Amino acid sequence: MSQCRKRCKRQLTKVARYFYRFLTGTLTQDSIEDDFELSTVCHRPEGLDKLQEQTKFTKKELQVLYRGFKNECPSGVVNEETFKHIYSQFFPQGDSSTYAHFLFEAFDTNKNGSVSFEDFVIGLSIILRGSINDRLSWAFNLYDLNKDGCITKEEMMDIMKSIYDMMGKYTYPCMHEDAPREHVESFFQKMDRNKDGVVTIEEFIESCQKDENIMQSMQLFDNVI
Amino acid sequence: MAAGVAAWLPFARAAAIGWMPVASAPMPAPPRDKRRTQDGLIVLNISGTKFQTWRNTLERYPDTLLGSTERDFFYQEDTNEYFFDRDPDIFRHILNFYRTGKLHYPRHECISAYDEELAFFGIIPEIIGDCCYEEYKDRRRENAERIQDDEDNENNNDLVLPDMTFRESMWRAFENPHTSTMALVFYYVTGFFIAVSVMANVVETVPCGTMPNNRAKEVSCGERYALAFFCLDTACVMIFTVEYLLRLMAAPSRYKFVKSVMSIIDVVAIMPYYIGLVMTDNEDVSGAFVTLRVFRVFRIFKFSRHSAGLRILGYTLKSCASELGFLLFSLTMAIIIFATVMFYAEKGSSGSKFTSIPAAFWYTIVTMTTLGYGDMVPKTIVGKIFGSICSLSGVLVIALPVPVIVSNFSRIYHQSQRAEKRRAQKKTRLARIRAAKSGGANAYLQYKRNGLLTDSEEEASKEAGQALVCKSNPTFETQHHHLLHCLEKTTNHEFVDEQTYESSCMEVSMVKPSASRSSSLSSSPHGLSSCCSRRHKRKSFNVPNSTMAAGCRDSMQELSTIQIRERPLSNSRSNLNAKFEETVPLNSEQQPYITAAVISMPTPPVTTPEGEDSASSPDYSQSNIVRVSAL
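For the protein sequence lines, the chains are Z and W, in the order given. Oh and the first sequence: position 87 is 87 in the working numbering, straight run, nothing missing. Oh and the second sequence: position 157 is 157 in the working numbering, straight run, nothing missing.
One chain only, chain Z, in its complex shape (with noise of 0.2 Å):
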């Protein structure tokens, strides 16, 4: 009884507050909460010669890489939303988000859930000034979801469908349904050394090593910039 006396009362104060409102008018006022939300989040990199330590950059290069860094993202990071949308741009067919969403995952070295300018430059030092290893060891990393250190085959599925597709619709031969399994199947038989459905990053390089085809589209990246 007395709960539902304290429910009357309850619904007899929000009436009241109601009239109250609609016969004084309506205006309420501004919130103080929204003036935090107004100041952005501004991040700035490290002094340019730090980065040039950290790097294999050189001074022009890291400014042009800037420029360009800055003007797509003022506010100094770029987060998921805005990586997924710029990489969108240069496939129009096809549907890149999740391969984005897997190089956002390998750039963000500090899983902070945002790239500011020298994960993103140091993660391009790697491979576009690395040495054959390094650049197999981070697309080891990338593969790896879960960076537990090895690559599983649903890992492997989940990384071949998003490159898939990123091909769209339209393509010549038409894409099956399992194009991307047969994929993964043939690159665990050629990676997978002692054939314990996960390859590791020993497995990953010394394969890798052995395959003229991939030694000769890692030199690709030389002269990228």
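Since the hints were derived computationally from the structure, they do not count as laboratory data. Being a predicted model, the structure only gives us computed values, none of them experimental. Just so you know, not all the hints are guaranteed correct.
Said to hold, decoys possible - Over the 10 Å line for every Cβ pair with chain W, so calculated as not near, a few chain Z residues:
#1 Cys42
#2 Gln52
#3 Val77
#4 Lys169
#5 Tyr172
#6 Asp192
#7 Arg193
#8 Lys195
Said to hold, decoys possible - Selected chain W positions facing chain Z (Cβ under 8 Å, derived; list incomplete):
#9 Pro26
#10 Leu41
#11 Pro177
For glycine and all other residues, C-beta sits at the position ideal for the given N, C-alpha and C.
Given chain Z's structure and the hints, the job is docking chain W onto it.
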């Protein structure tokens, strides 16, 4: 691909590392970067204001002027910059487009200036960002409408094709009464008769005393002076009928005319009379006949041809149809609701006038529009409460759509006002422009008179000593004069000004025998209104021989007749100097020194926007004289 992300291409290419290990086939060879152009700064000098940007920024859009090799045409070697002689304020926005990928439209800039700059730099306006696109499109549409308006007005009012058929000229007289006196007379007469007819309808019903034979009954004026009113009505209807038939005959598209609103009003205005004539004095039918007389009041709508304000009102109502519809709909809803409520509220009270819901409609309407006749009032307390709520809500419901209609009316009214103002201003503007142009054209004649021509004789050189009118002629002017001189030499004719032409015209007329006079008259097409006769009108100069057909046209038509006459170059320079070229229609028995024969053709005025003064338009003679045969 947006401009900004072009800078991220290296990243995208680097991200391809994820595909390499899984690829089964070898990768294609990378493109060789042939020209490793360093990304340098480019200096853009726009009329003195220097802008600088990266070369890559500009090359993001290779199909614009700045992004392609076209900019090399503007490269200044000595200062190592690109110079453009354009507006720096607008250029700022264009450069921002390269930087940010978004083109904005500044609201304070003139739309045509902006369009010109965009066209110059090769940027299509469709890429204006969403933030500014609407405004841009609105301004553009406004501008286009204004230009269209001007063109229409021009075409309507000023363009008089000399060979308009009678039908066309009649239609024009109907549509634009101010173009000719007859049309104006007709316009006022019809207006007068409309007013008379409407007044007669009104006065007909006024009680006018009693009939001479029957003292008791009070009759209206219409019944007392039945014959007089009937004659008046007949006269008005005859005039209206004649007017309608004339319009129907003159209309360029009869079908469209018959469908138009004004013609329907005309028909409705005169129909009752004819139907009344035809109908017999039957009792049942005369009831309907009386109803028909109501339609006679539609004659008052014929005034809308005479009043622009009325037309605007009609147009406003038409364009606000949706608001009016909403108003009606919301009122209807409110009326039904409140009528129902009032009916049930007042059901209890005795002797209440709210006998049914439809009866309550009347109360609701009167209350909502705050009329409050007082013939139906609620008596119960509940009824009074709801009645007051009803009147309050009525004010609200009516007040809401009204400002929309008002603003629409205001916009349309101001638009038409602006159009009128522009038309009025145009005349003075044209006159001023004409004066300025004639000044320029006279410069050539002045130049000649000053004897700066190479083959001048001493006489000319004497004149040169006098008038030091020639200010230091800029190169442009001297080259222009040389050009005109070349034309003179080519055609063996000379440019003259008005006075000398006039005097030579006099000479011609006096020397020519009368026979040629008449023949020349017959041979001249009616479009040739000569400078002579025009000047005749202006200076009331009595030229005994008006060799050309009389007829003063307005400014545009002055151009339609330029006549060329050849002068043998053996005449002394002083005679020839500043003589206007004219033609006399060719006759075999012409004077010995009149030999050439060209009849000019009435050229459409549009092609000669300049040189409206025919006497002082060497430019005009260049562009409009088709050929001269020197005999």
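Do the hints match the structure? See the list:
1. Cys42: Holds, because the least Cβ-Cβ distance between Cys42 (chain Z) and chain W comes to about 19 Å, which exceeds 10 Å.
2. Gln52: holds (17 Å)
3. Val77: About 15 Å separates Val77 (chain Z) from the closest Cβ of chain W, which puts it past 10 Å; holds.
4. Lys169: holds (19 Å)
5. Tyr172: Holds, because the least Cβ-Cβ distance between Tyr172 (chain Z) and chain W comes to about 15 Å, which exceeds 10 Å.
6. Asp192: Correct as stated: the minimum Cβ-Cβ distance to chain W is 13 Å, above 10 Å.
7. Arg193: Consistent with the label, Arg193 (chain Z) stays out of reach of chain W, its closest Cβ about 15 Å off (over 10 Å).
8. Lys195: Holds, since 19 Å exceeds 10 Å.
9. Pro26: holds (5 Å)
10. Leu41: Result: violated, 12 Å to nearest chain Z Cβ.
11. Pro177: violated (58 Å)
Checked against the numbered hints given earlier, the structure breaks hints 10, 11 and satisfies all the rest.
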